[in-house]
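Peer 1: If you want the building blocks of each chain, they are given just below.
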Amino acid sequence: MAEIVLETHALTMRFGGVTAADNVNFKLRARELRCLIGPNGAGKSTFFKCVTGLQTPTEGQVFMRGHETTHWMPHQIASLGVGIKMQTPSVMDNLNVFENIWLAARRFYPSDEAGRKTTEMIERLALGPIARSTLGQLAHGERQRVELGLVAVADPWLVLLDEPAAGMSAEDVERMTGIIRELNKTAAIVIVEHDMQFIRSIAEQVTVFHQGAVLMEDHVDRVMADPQVRNVYLGKKA
Amino acid sequence: MTGSLSRDVILTIIVSAILIWIMPLMIATYTLTVLVIYGMLGLSLGLIWGFGGILCFGQAAFFGLGAYTYAIAAINIGESTVPIILAVLVPAVFAALLGAMMFYGRLTDVYLGVITLVVTLILFKFMNSTAGPQYVIGKARMGGFNGIPGFQTLNVPGDPDAYIWGDAYFYVCAVALAIVFVLVSALLRSSFGRIAVGIRENETRIALMGYDVRARKTVLFAVGAAIAGLAGALFANWGEIVTPNLFSLSQSAEIIIWCIVGGLGTRLGPILGAAGLAYLKFLLGQQSMIDNTLIMGLILVLFVLFLPRGIVPALASLWRISFGRRPLGRIHQVRRTRNRERTGG
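As given, the protein sequences belong to chains A and B, one line each in that order.
The first sequence begins at 1 in UniProt numbering and counts up one residue at a time.
The second sequence begins at 1 in UniProt numbering and counts up one residue at a time.
A few of these clues could be false.
Unchecked claim - Simulated pairs of lysine to any residue, SDA-like, Cα-Cα distance not exceeding 25 Å:
1. A/K49 to B/E203
2. A/K49 to A/S90
3. B/K281 to B/A253
4. A/K49 to B/S129
5. B/K139 to B/S129
6. A/K49 to B/Y104
7. A/K49 to B/T204
8. A/K49 to A/I199
9. A/K49 to B/K139
10. A/K49 to B/R214
11. A/K49 to B/K281
12. A/K49 to B/A215
13. A/K49 to B/A253
Think of the hints as simulated: they come from the structure by calculation, not from any bench.
Remember, predicted model here, so these are calculated numbers, not experimental data.
The shape of chain A in the complex, shown without the other chains (with noise of 0.2 Å):
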């Protein structure tokens, strides 16, 4: 079996009186690709902030390779080669598409070597034609591609994505869904999403959030056949 590079030990969330993550405990292995799914405010998000450090988990511990994470900020759990992607498109809107990827690729290369990762990074991702147009130009799948590909070229180990195929075409999906599996040969990889049709096309195990806890965790087969999880995403009681 491959080393566990995330795991969470009975991480717990609490805002007030609602209990957002509830003794979560979830393992990832390296080279795993995992899905998170559940309904709105299942937790996932939640989980999602708690693990990439832009929320301290009220109980529980996180660790990513051996090292416990809990109380790191974002920087310190990006700076161990931990490639984080939010929800809405999170990228310097200023700046042409060439910067944006080029500033990822300098915290972890000297200056030329980030300007020819930069290079081939974009040619990957196909961005050419518009390399040096700035991001606030860009269409909204472009700007996720862009901000994909500024995770991609630090080489990280470890990608946490939050709905990355939100709104976005169909052959934006697939050209995303391509990135991903290239992504998935050098690093494990979590996906928040809602979009099942994405899920299908891209998910081996998937674990399934409901009201904070953990539902269950199998195959993306049994999970979608499962009338628990069914009943769940139609909201109907078991």
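Based on the hints, put chain B in the right spot on chain A.
Peer 2: Just chain B, lined up with the frame of chain A:
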């Protein structure tokens, strides 16, 4: 930014040499000197606000601190070289401490403005209240409201009797500004500068890339304060007196107006804004028909309404429209390929 740093340096040397030669033919060097000094002060805020996204309402605090440091050190030491260096270092260290407190405390935007403004006011009040004989640093009396007069002004390094004043002092200040400008250009081209611009654009993204935003902002803030401190020391030499008015609210506000009018996010804008508006204020001060703060207010309102990006960006885009090579936009490219497809080749 396009082009290389060496091209930038050569251009800066040529342009500043021409200006240093021509400007004294039109404006008295005594007035020009202060315009140059204000230009440097404008550049200090232009750097941290325009490129680092740190809106500091208290740039005057570092300016005043530089001036006071120079005056106090010059009285105690009796020559000017070490005091100038101290006038750069003291504001920089002060800003590093203040900045660390703010940035590590996760203060942003308007709170940052409030804190820096209050710090300036505290310094203003404090310096005003140091009239008593107990407020002495070494041989220098703080002088309260009256400030500190009669300190050693700039001399040739190593020779305290060889004063640099008048026209010569203008040349010193102008060259100092050119050097600072080149250093700022180099900083902005370096990785540090490019990452600073990234922070201005999107702090969260830069943090998620693994950069320590807090440390970087603190360093940039200190660099801005160092430049403001140098401007303060030069100002002290020009005025031959330092008073608490250096820390006043109007001084702080004026620096921000210079940056807005000149153009944020450019290196030249804040310098031109500072020199231009200060000269205008000087001219308006010679007549008594209309109050000059009224005109300044009017200019600011007009700029915010009609040229919100400032003079330099507006001129730059005008230049690009009239003379620039037209880069093929995406629309043109798409059209071209379509045409090619249509014509079958």
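Peer 1: Taking the hints in turn, state whether each one holds.
Peer 2: Hint by hint, here is what the structure shows:
A threshold of 25 Å between alpha carbons decides the hint, and for A/K49 with B/E203 the separation of about 16 Å falls inside it, so the pair holds. Restraint check for A/K49 and A/S90: satisfied, since their Cα atoms lie roughly 15 Å apart, inside the 25 Å limit. A distance of roughly 14 Å separates the Cα atoms of B/K281 and B/A253; the hinted pair therefore holds under the 25 Å criterion. Annotation: proposed proximity of A/K49 to B/S129 is violated, straight-line Cα distance about 50 Å (limit 25 Å).
Under the criterion of a C-alpha separation no larger than 25 Å, the hint pairing B/K139 with B/S129 is consistent with the structure, at around 18 Å. The hinted pair formed by A/K49 and B/Y104 meets the criterion: a straight-line CA distance of about 20 Å does not exceed 25 Å. In summary, the hint linking A/K49 to B/T204 is supported, as the alpha carbons are separated by about 13 Å, within the 25 Å threshold. Our distance criterion of 25 Å between C-alpha atoms is met by A/K49 and A/I199, whose separation comes to about 21 Å.
The straight-line distance between the Cα atoms of A/K49 and B/K139 is roughly 58 Å, outside the 25 Å bound, and the hint therefore fails. As the CA atoms of A/K49 and B/R214 are separated by approximately 20 Å, the hinted pair is consistent with the 25 Å bound. The straight-line distance between the Cα atoms of A/K49 and B/K281 is roughly 52 Å, outside the 25 Å bound, and the hint therefore fails. With a C-alpha separation of about 23 Å, the suggested pairing of A/K49 with B/A215 holds against the 25 Å cut-off.
Taking the CA atoms of A/K49 and B/A253, the gap is about 40 Å. The hint is violated against a cut of 25 Å.
The structure fails to meet hints 4, 9, 11 and 13 from the earlier list, while all remaining hints are met.
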